[in-house]
Structures are given as C-alpha cells and as structure tokens.
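Here the protein sequences come in this chain order: A and B.
What the first sequence shows, in UniProt numbering, is residues 1 to 316, in sequence order.
What the second sequence shows, in UniProt numbering, is residues 1 to 341, in sequence order.
Rather than coming from a laboratory, the hints here were simulated on the basis of the structure.
For glycine and all other residues, C-beta sits at the position ideal for the given N, C-alpha and C.
Incorrect hints may have been included.
Simulated restraints on C-beta separations [unchecked claim]:
| id | chain 1 | residue 1 | chain 2 | residue 2 | range |
| --- | --- | --- | --- | --- | --- |
| 1 | A | L225 | B | Q31 | 49 to 57 Å |
| 2 | A | V136 | B | V41 | 57 to 65 Å |
| 3 | A | H5 | B | A144 | 53 to 61 Å |
| 4 | B | D24 | A | P168 | 26 to 34 Å |
| 5 | A | V136 | B | G98 | 18 to 26 Å |
| 6 | B | L33 | A | G165 | 38 to 46 Å |
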Amino acid sequence: MTSQHPAGQARRLLRPVARLWQSDLVWSFRNTPYAVVSLALVLAIAVTALCAHWVAPHDPFDLASFNILDSELPPAWVEGGSPEFILGTDTQGRDVLSLIIYGARLSLLVGLASVVFGLVLGVGLGLLSGYVGGWVDALVMRTADVKLSFPAILVALLVNGVARGFLPPEMHGQIAIPVLIFSIGMSGWVHYARTVRGIVMVERRKEYVLAAQIVGRKGWEVALLHVLPNTMSPVTVIATINLATAILLEATLSFLGVGVPPTEPSLGTLIKVGSEYMFSGIWWVTAFPSLLLVVLVLAVNLLGDWLRDALNPNLQ
Amino acid sequence: MSADRQAPAERPLLEMRDVARFFDVSPPWYQRLFGGGSRRVLRAVDGVDLDLPRGRTLSLVGESGCGKSTLARLAVGLYPLSRGSIRFDGMEMSVRDGSFAERRTRRRIQMIFQDPFASLNPRWRVARIIGEPIRVHEPGTGEAERRSRVRELLEMVGLDADAAARYPHQFSGGQRQRISIARALAARPDLLICDEPTSALDVSVQAQILNLMRELQEELGLTYLFISHDLSAVRFISDYVGVMYLGRLVEWGEAETLFRNPRHPYTRKLLESVPNLAEPGRARTPIAGEVPSPLSPPPGCHFNPRCPLAMAKCRTDTPGMVRTGPGGVRCFAVEEETATA
Numbered sequence: 001m002t003s004q005h006p007a008g009q010a011r012r013l014l015r016p017v018a019r020l021w022q023s024d025l026v027w028s029f030r031n032t033p034y035a036v037v038s039l040a041l042v043l044a045i046a047v048t049a050l051c052a053h054w055v056a057p058h059d060p061f062d063l064a065s066f067n068i069l070d071s072e073l074p075p076a077w078v079e080g081g082s083p084e085f086i087l088g089t090d091t092q093g094r095d096v097l098s099l100i101i102y103g104a105r106l107s108l109l110v111g112l113a114s115v116v117f118g119l120v121l122g123v124g125l126g127l128l129s130g131y132v133g134g135w136v137d138a139l140v141m142r143t144a145d146v147k148l149s150f151p152a153i154l155v156a157l158l159v160n161g162v163a164r165g166f167l168p169p170e171m172h173g174q175i176a177i178p179v180l181i182f183s184i185g186m187s188g189w190v191h192y193a194r195t196v197r198g199i200v201m202v203e204r205r206k207e208y209v210l211a212a213q214i215v216g217r218k219g220w221e222v223a224l225l226h227v228l229p230n231t232m233s234p235v236t237v238i239a240t241i242n243l244a245t246a247i248l249l250e251a252t253l254s255f256l257g258v259g260v261p262p263t264e265p266s267l268g269t270l271i272k273v274g275s276e277y278m279f280s281g282i283w284w285v286t287a288f289p290s291l292l293l294v295v296l297v298l299a300v301n302l303l304g305d306w307l308r309d310a311l312n313p314n315l316q
Numbered sequence: 001m002s003a004d005r006q007a008p009a010e011r012p013l014l015e016m017r018d019v020a021r022f023f024d025v026s027p028p029w030y031q032r033l034f035g036g037g038s039r040r041v042l043r044a045v046d047g048v049d050l051d052l053p054r055g056r057t058l059s060l061v062g063e064s065g066c067g068k069s070t071l072a073r074l075a076v077g078l079y080p081l082s083r084g085s086i087r088f089d090g091m092e093m094s095v096r097d098g099s100f101a102e103r104r105t106r107r108r109i110q111m112i113f114q115d116p117f118a119s120l121n122p123r124w125r126v127a128r129i130i131g132e133p134i135r136v137h138e139p140g141t142g143e144a145e146r147r148s149r150v151r152e153l154l155e156m157v158g159l160d161a162d163a164a165a166r167y168p169h170q171f172s173g174g175q176r177q178r179i180s181i182a183r184a185l186a187a188r189p190d191l192l193i194c195d196e197p198t199s200a201l202d203v204s205v206q207a208q209i210l211n212l213m214r215e216l217q218e219e220l221g222l223t224y225l226f227i228s229h230d231l232s233a234v235r236f237i238s239d240y241v242g243v244m245y246l247g248r249l250v251e252w253g254e255a256e257t258l259f260r261n262p263r264h265p266y267t268r269k270l271l272e273s274v275p276n277l278a279e280p281g282r283a284r285t286p287i288a289g290e291v292p293s294p295l296s297p298p299p300g301c302h303f304n305p306r307c308p309l310a311m312a313k314c315r316t317d318t319p320g321m322v323r324t325g326p327g328g329v330r331c332f333a334v335e336e337e338t339a340t341a
C-alpha cells in the first residue's frame, strides 16, 4: 500500500495542504479582500507584539535606557520631534512606539487567555447542559440568564474587588493579570454555552449518536468524540468575535484602573495615562495606542464576520 | 461461546414479558402551577409479550405512532423499561448496572437505523465508523488487524475495500445503509434490530438491502427484529409478524399464516389497504376514522372506535391474548368465534 518512491511520498505529505488550499473555506477567504487584509493586519500586529523584545527600538522597562530630558517629545514629523522617537515620548521620556508594541503584547495576551478560558468554560458547560439535560441544564441555563443581566464590566469589577479584598495588598500586583483574565473570561462564557447547548440538543437525538451508544461507548465518550466536534464551527466564529470584545474590555478595565497595574503598559493603561496630559497638548501619548486598538479590534471583528458567513451553510 | 451458558435449543433468543414504556409529556412544573394543566403520560408501549426464536426474523408492523420504534429502542437498551422484562439469551436486560457482563451482552444486540444520512457521523471516515465497535469491544486489536477486519466487513456488505478512506457524504443512501450494516456487524452481534432500514431508500435499492440482509442471516446465523410499515418488505423477509396498534400487540403469528389468514379486524383492514397487483379490481375499504391520540387512548380495546365488529364489551374491557397455533390474537370477536366454532 505505502509507496516508497520519494516523489510519491512528498505528494502524499502535501496532500492535506492541497486539500486545505482547495477547500471551500480557503477559497472563500482568497476571494474576500477584506478578510485577507484583516488577517494580514492581525498577524502583523501579533507578530510584532510577540517579538517586542527584538522589534521595539527601546525597552520601556529598562530605567537606564531613557532620559527625563527626552520627555514629552512630539512625533518625529512634528516640529521639535526627534527621529530617534518616531511616535514621540511620554512624560517620563519613554518611546511611545516601544510602549505600544509592549502594550499590544499584553493586551493580546490577556485577550487570548480570557477567550480560551471563557471558551473552555462555556463549551464545557454547554456540552454538559445539552447532553445531560434535566436539572443540570436548568441550573446552567438559569445561571447564564442571571449572568447575562449583568454588564460585563460589572462582573469584572466585582471579581476584581473581591480578589483585592481577600488577598493581601502586596499580592495585588501579581494577581492583577490572572484576575483580569478570569473576569473577562467570565463575561464571555454564556455565548459559547448557549450555542453549544443548542447544537448538542439537536445532535444528541441524531441516529449516529444513538449508534455510538448502542456500540457501547460510555456517555462522556459519545459526548466528546461524536457530539463535540460537530459544534466547533460556530464556536470558532464566536471565539473570534469574542477576542475583539475581550481586547476592548481589557482596555476599558485598565482605563478605569481595575485592569493591569499602571506599571505594566497595556493599550488601556497607555490610553489612560496619556489622556491625563491630552489637554496640555501632548496628544500623541494617547492617540497612537487608541489608533492601534481601533485597528486591531476592527480587523478581528471583520475576520469574525467573514468567518461567520463562510461557515454558515445556509449562505453558500 | 462457553458451553455452560448454552440455553436449551427451544429457548427464544429474545423474550419480552409485559414490556411497557411510558413517557412523561407533562408541561414543566411551573407551567402546571401557574397555567393549570395536569400530568400527562404517553403510553408508547403498553404490555407487549413477544418471543423471538434464534436465527429467525420477526417483523413488527403498524401505523406511525403505534410504538414499534419505541419497542425496538427498548430491545436495544436505549430506553429503560417502565414495566416488564426483556431477556436476551436467558439474561435479564432490564437491569442497567453498566457492569462488564452487561456491556459484553449488549454488544450482541446491534441496530440499523432508518435514516442513512443521519446514522453515520459526518466527520468520520468509513474506516473509523466501522472500526469503532472493534475499538470499543476488542481494545487489544492492533491497527493492521482492525484495518483488515474493516476491509472484510466492507466486502461482506458488498462495498469496495477502498471505501474505507472516504467520508459518508461521498456515498449514496443504499451504500450508507450498507456501511451502517457493516458497523453493526463489526460488534459480532447475534441480534440485529432493524428500525425501518429500507423506508428511506429507493425501491430498487430496498430490494438490494433486503437481499443482503437475508444473505447475511444465512451466513452468520443472525436473528432480526425488523420494524417496518412496508408490508411487502415484511412479507419478503419475515418468519413471524407482530401487528401493533397504539402501544399494544394485537396479533402475532407465522408470516405466511398471518398474511393469508389475518384474524384481528385491524390486521385485516391493514392488509386490505395494500394494493395488490394480482387483484387489481379488489374493493379496498379504508379503515374508518383516525388513529386516536396515544395520550388518551379509548378505554377497553384501543381499536373499538374504528372496529366493524365492536361489541359493548370491547368498550369497557381489554381483551387478552388468545393463542392461535404458534401465534395469538387480542380480540373479543375472534374469541367468541373460536368458542362457538
């Protein structure tokens, strides 16, 4: 059966790639310019942010590398700007471009981590709820209803407040980011849970699921092997759109001062710190992080929009 | 097979005694509390006694909603029983303790479904679908051995061995039904429950599947419980036929006898409704009235509102099963007729 011919082997190895390239999803992607542009933007921002250590012209954490004499320099193309600091410097003399790159890294990290957290929690609860049914379903779904009647920011503020109340002050700095991820994740799980529950309730009555039960699979095996994979396309769409929301929420919370500690640059803290000086004419410290936030969130949202259309069989 | 569990040759493979399954279809408690309404129980299957001899085929026929599919699902263990008992090869199946012995016995009862488009996981390749029972019940089997078993099974059901690498959507309805049969056979079953296996297929394909089922029965000594409302398919494949009406078995017997000489008025009406090429001009009288709701079946014999032979007794009492040869009939009119004859 297996061919030992090198060319044949190479072709076999490439077959999945070829199949992927010809798949409906990739075809739709290639023919949707805004999806290509969005993905390129997201990838560019993500790669730059991940490589912050090597890409950023200055290290904003290295106190020796910046000078108070360089503070409040405008962007390079404005009169008084220095080519060393393309987007200018903040009140402490830190390079704004470097701050943004490091800030985007933290924002993306918190966004992704909270999406993963919310996804695992939501998909798990949705699967349990739809598959087991009965009072478990009622409990999970009523909890979800209650959760939906809270604004996401309120949940985050509550979790944050409780965590701060229970932990000694010296630990606040360390737990700030996990608490942030937890509270943003908590605000997103309901969407996954509801969607997954709906699909599971349809799928579990289908005959292939009954067949797996008769074949002798245990309940959880049927749920994980047969039902779960069939819920994945809508979950992918929700996760993408949720990523944009999570990044925004992180920025909002950081702006309100309950997110990442002010010592760590995230897009939200940069906007907040910069906004305090905006009326003294130093617009660049807050404008550039805001611009990046808008571009990033818009690109992720457009990507999610495209994905929803591309994965919806009714629109094809 | 171990010799100590060898049942006497006479013992049926599947014995159902007073089998019943009720579904609670009441509105949720808060609706009952605020909007009125009471508890409602749907008696899908209500007291069925049935024996299925080894190596034979028993068909259950009846209109939609008569409980035949529920009975099939009870036999395979998808629902727990509300009352009664099911014994398979002498072992009580109504106890569901999830033990190793229970799993080993359940393996021997497999099922083929009605809709070949819903019964195969769309994301799995055929090799994985057919290999699943082997993976579950013979976990020691190696990759190569499993692959060759899958190939064998595919050939047994009349498909090419290269079908293994493809996905279900690449096959026609008839081919999918063959894959479904191969999956069931992979568990090495003794009893196959076939829930309308041909009713979603084209007529020409139906015959192929029925022929395949017969061949497999001869080759592997399988026992079939065949659910259908297609009476010509039933006549072709069955040794025994049971007729169900609103959750009860109203008549059963050997297939030829039942088709030639139906006793119960419902069976007669049911057989009359089938077009017959041999007698094109035959008067076919439809059964009067509608099937009553199974939520509130008429008292007495369920068939009494539509029955031409209904007597006063039929409206109050439920007739018992009267044995006629190897079969039985539940009807007061037939009872009296036999008594006077």
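Taking the hints in turn, this is what the structure says about them:
In this structure the supplied range 49 to 57 Å is violated for A:L225 paired with B:Q31, their Cβ-Cβ distance being about 36 Å. The hint said 57 to 65 Å for the Cβ distance between A:V136 and B:V41, and at roughly 24 Å that hint is violated. Distance hint for A:H5 and B:A144: a CB-CB separation of about 22 Å, inconsistent with the stated range 53 to 61 Å. Hint check: B:D24 to A:P168, Cβ distance near 54 Å, so the stated range 26 to 34 Å is violated.
Between A:V136 and B:G98 the Cβ separation comes to about 19 Å, which falls inside the hinted range of 18 to 26 Å. In this structure, B:L33 and A:G165 meet the distance hint of 38 to 46 Å, their C-beta atoms being roughly 40 Å apart.
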